[in-house]
Amino acid sequence: DFKNNQMLNMLNDASQNLMETIEHLSEVALLNIETSKENKPLNIKKYTSKILKSNLINAENKGVEIIDNSKSYLVMGLESYIESILTNLITNAIKYSDPEKSSFIKLSTDETIDYVKFIVEDNGLGINLNKYKDRIFKMYQKFHRNEDARGIGLFLTKSQIEAIGGKIAVNSKEGVGSTFTVYFKKP
1 DFKNNQMLNM LNDASQNLME TIEHLSEVAL LNIETSKENK PLNIKKYTSK ILKSNLINAE
61 NKGVEIIDNS KSYLVMGLES YIESILTNLI TNAIKYSDPE KSSFIKLSTD ETIDYVKFIV
121 EDNGLGINLN KYKDRIFKMY QKFHRNEDAR GIGLFLTKSQ IEAIGGKIAV NSKEGVGSTF
181 TVYFKKP
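To convert, note that position 92 of the sequence shown is 92 in my numbering; the numbers rise steadily by one, no gaps.
Please note that the accuracy of each hint is not assured.
[Said to hold, decoys possible] Keeping only pairs whose Cα atoms sit at most 20 Å apart, straight-line, the calculated DMTMM-like set for lysine to aspartate or glutamate is: (1) Lys53 to Glu79; (2) Lys186 to Glu65; (3) Lys45 to Glu121; (4) Lys46 to Glu83; (5) Lys95 to Glu60; (6) Lys173 to Asp114; (7) Lys50 to Glu60; (8) Lys117 to Glu79; (9) Lys46 to Glu111; (10) Lys95 to Glu65; (11) Lys158 to Glu121; (12) Lys106 to Asp68; (13) Lys62 to Asp98; (14) Lys40 to Glu121; (15) Lys40 to Asp114.
[To be verified] The following label-pair restraints were derived from C-beta to C-beta distances: (16) Val176 to Ser54: 24 to 30 Å; (17) Thr112 to Glu38: 20 to 26 Å; (18) Asn61 to Pro187: 36 to 42 Å; (19) Lys186 to Leu56: 26 to 32 Å.
Bear in mind the hints are in silico, worked out from the structure with no lab data behind them.
Cβ atoms here follow ideal geometry from the backbone N, Cα and C, with glycine treated the same way.
Could you put the whole structure together from the sequences, leaning on the hints where they help?
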């Protein structure tokens, strides 16, 4: 009976993993469908405020202070992508905060001639870029032992940013924190 139970558990785990893989592949497939839609000018501050509101309790529960210095800029994009990109970067910063220190996330914006820069800076766990630099935006990459980590978030985020004509850069140091800079195309 123990052996049957063990087999049943293994089968359950395998089917759960398969379901997750199918879910991930559908998210990637949706990328290709969504990109046929037209980018339009969107106010980045509107989406930042919305996402911060929905993540306030999560941040408070983890003891993370959010400092929002972002300004109102128009960027080119799709609503669903802008929301997804900002949600992923902000929730990652909360999720990977360092429980050993007083944590913060700073959001800011700036501009260049062609782009609006949206910057998410945190003093969380950070990522060892010497070790993971080439893998950071690849599918199924995990850099911390977090039960919630699926290893698809940064891959999807980068894909969505590029699909709307933008780019992303990361600066991170393990034990110090990370800064993700998204370059959104200006209208």
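Broken hints, by number = Violated hints (numbers, rising): 2, 6 and 14; every other hint is consistent with the structure.
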